[in-house]
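Here is how the chains run, residue by residue.
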Amino acid sequence: MKPLSTVSGKAIPFGAKNIDTDIIIAAEWLKTITREGLGKGAFQSIRASDPDNVFDDPAYAGSPILIAGDNFGCGSSREHAAWAIGDMGIRVVIAPSYSDIFSGNAVKNGILPVVLPQSAIDRLMEVAREGDPIHVDLEAQTVTTEFQDRFAFEIDSFRKHCLLNGLDEVALTMERDQAIGAYETRRTTDQSWIMRGTAA
Amino acid sequence: MANKPRTLYEKIWDAHVVETRDDGTSLIYIDRHLVHEVTSPQAFDALRISGRKVRRPELTLAVPDHNLPTTARRDAKGARVPIADPQSAAQLEALERNAPDFGIRYIGDADDEQGIVHVVGPEQGFSLPGTTIVCGDSHTASHGGLGALAFGIGTSEVEHVLATQTLLLQQSKSMEVRVEGDLPPGVTAKDLILHIIGVIGAAGGTGHVIEYRGQVFEDMSVEQRLTVCNMSIEAGARAGLIAPDETVFRYLKGRPMAPKGADWDDAVAYWKTLHSDVGAVFAKSVVINAADIAPTVSWGTSPEDVVPISGSVPAPESFPDESKQAAAKKSLDYMGLTPGTPVAEIPIENIFIGSCTNSRIEDLRAASKVLEGRSKADNVRWAIVVPGSGLVKRQAEEEGLDKIFTDAGFEWREPGCSACLGMNPDKVPAGERCASTSNRNFVGRQGPGARTHLVSPAMAAAAAVKGRLTDVREL
Ligand code: SF4
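Those protein sequences? They're chains H and G, same order as listed.
Here the first sequence is numbered in this note's numbering, starting from 302 and rising by one per residue.
Here the second sequence is numbered in this note's numbering, starting from 1013 and rising by one per residue.
Hints listed in this document are in silico derivations from the structure and should not be mistaken for laboratory results.
Do not rely on the hints blindly, as some may be mistaken.
[As the list claims (entries may be wrong)] To spell it out: a stretch of chain H is covered by chain G in this simulated footprint if at least three of its residues, at any positions, have a beta carbon under 8 Å from a beta carbon of chain G; those stretches are: (1) 326 to 335; (2) 356 to 368; (3) 394 to 406; (4) 454 to 467; (5) 491 to 500.
[As the list claims (entries may be wrong)] Partner residues aside, some chain G positions facing chain H, computed with beta carbon under 7 Å: (6) V1050; (7) E1070; (8) R1117; (9) H1172; (10) Q1183; (11) R1250; (12) R1267; (13) P1271; (14) V1299; (15) G1434; (16) M1435; (17) F1454.
Cβ coordinates follow ideal geometry from the N, Cα and C atoms, glycine included.
In isolation and in its complexed conformation, chain H is listed as follows (with noise of 0.2 Å):
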């Protein structure tokens, strides 16, 4: 996973609200078994409908930064969502908030999803409509513009920590053998009918 520190550039100035998974990639795209080439797919729904839209428009492409509106990514569990918004070339979104399997999903793929209120999201707007560049900094958890804007965010410090690193979880994971099993030694004995799974 690619670490990721600071970024900076312009921003696809999308922010509707509510945008579900179906959304981000449709159904259609599921049937990959491989993770690349999805962003070819990406909001394909929007694409279709609106020639205008922001995603088509060239004065946003290439962008590493998307602006997006309250619940994004809501719907289903599809991490394909996360594998096409990162085949875009998106490395942070910034909306005022994720549904907590999408933004569980962004981070796993080293993607950074910033929460700011409202206000700030509609300053940010203005900005990338603008095309002026925006600043992501992970490290000092802030947004800055050219223009004075400075926003500060929070973020899980584990989530921040695997980012800044570009850490694989399952490794993390892996790391904690003992733990795990020590637990189940413990479940073993206690509550056997538990680990017998398909085997009982």
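Got chain H; can you put chain G with the ligand on it based on the hints?
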């Protein structure tokens, strides 16, 4: 901790904490993992690439469901009928290879036990009260109907669970949805959960695990409880659960993977401790009056967009907040509906009875009861029934339900997710409406441009008979 009154969710959570980190996240042990063909190939791939093994293969069960066609899977000679879509075929092949490679029990596409993961888990006794259950599908919350803490995960988490049998999680808050009184006659578990989502909103449960409480739930069968918990995610909640009781124990006893002998007694003794303590604190509490609920249908493209069947399509201006007004306008546009239209006048061209929400035997019985001696209206172009599993299918056939459906003009299919998600050949054509017993009415969910109206099985059957949304109580 031992003395503080705890909610059911807190009890299950506490029992699964392997360790808690300084930042407040916990490593949670996962007891049961269900795997299907769509969200697992990349996870198995990642294991292979990094040379990792599955930590506890017996705690995972694999079954294909999402994009299997629901037409015959074997020809007269027993040979596989090829799947036309190459990607679907590749995903099925990947699962058929990955499960044995990693030592995981696999239920094949033509086995009697095959079905939708969330139907198979309880049916096999793999899903048990008090366990943590995950699956790469957001409707995993279903298993909460047995009193399990069950939730959907993404593919990276599928890999994480396969390799470590744990997940790193932040504890959610407990939320109580208390229903008082009894449901009026003709009102089902599906109507109740649609109504609940309408009241609390599609984001009303965000950050919470919902516990459904009240006599209504105690009186429900396990199948009805599964229907209620299934849709918790549509209210934004991480999971939903109902305290296990004798009804659940009776349901599980003797199922193939349920505990046996002395194990059974141990398990039941433990399960009896699984309820919220008196004095336990819920971060959020919503009270619903059951008597207020009528058969409920959705009109828009969010599961919170519901009205009683006696109601009308709402005007966008009727919503207090601006963004909801804009969303309602868009929904109505997509759905091709005019404000003020009585919902009972909305014509329906397609009927889908199935999905992990409503494809169990009681659902099929409820729908067939309405259809008995009747047939679908002429304007209903396509009507299908997709049993949740091969075992449900067989049971229904033994009861003669298949005959009632086919006599009424329905197609009787092989088990799978089918038209719930428009990933397999069962799709609703653009611009057409479907009265569907599934759980999501999102834009394009049942196929590009498809217009979904979420309903109960009895209401789907009634819509088939009348060719429009109809109050089943008037038939
Ligand atoms: S029936 Fe629908 S919601 Fe249920 S598991 Fe299948 S796709 Fe998911």
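Against the structure, the hints come out as follows:
1. 326 to 335: Holds, because 8 residues of the region 326 to 335 of chain H bring their Cβ atoms closer than 8 Å to Cβ atoms of chain G.
2. 356 to 368: It is violated, with 0 qualifying residues against the three required.
3. 394 to 406: Answer holds; 6 residues pass the 8 Å Cβ test.
4. 454 to 467: n = 3 at 8 Å, threshold three: holds.
5. 491 to 500: holds (count 9)
6. V1050: V1050/G check passes; min Cβ-Cβ to chain H is 6 Å, inside 7 Å.
7. E1070: 4 Å, holds
8. R1117: 4 Å, holds
9. H1172: 5 Å, holds
10. Q1183: Status violated, d = 12 Å.
11. R1250: Check passed: Cβ of R1250/G comes within 6 Å of chain H, closer than 7 Å.
12. R1267: Violated, about 9 Å.
13. P1271: 4 Å, holds
14. V1299: Not OK, violated: V1299/G not within 7 Å of chain H, min 24 Å.
15. G1434: 5 Å, holds
16. M1435: 5 Å, holds
17. F1454: Status holds, d = 5 Å.
Hints 2, 10, 12 and 14, counting from the list given before, are not met by this structure.
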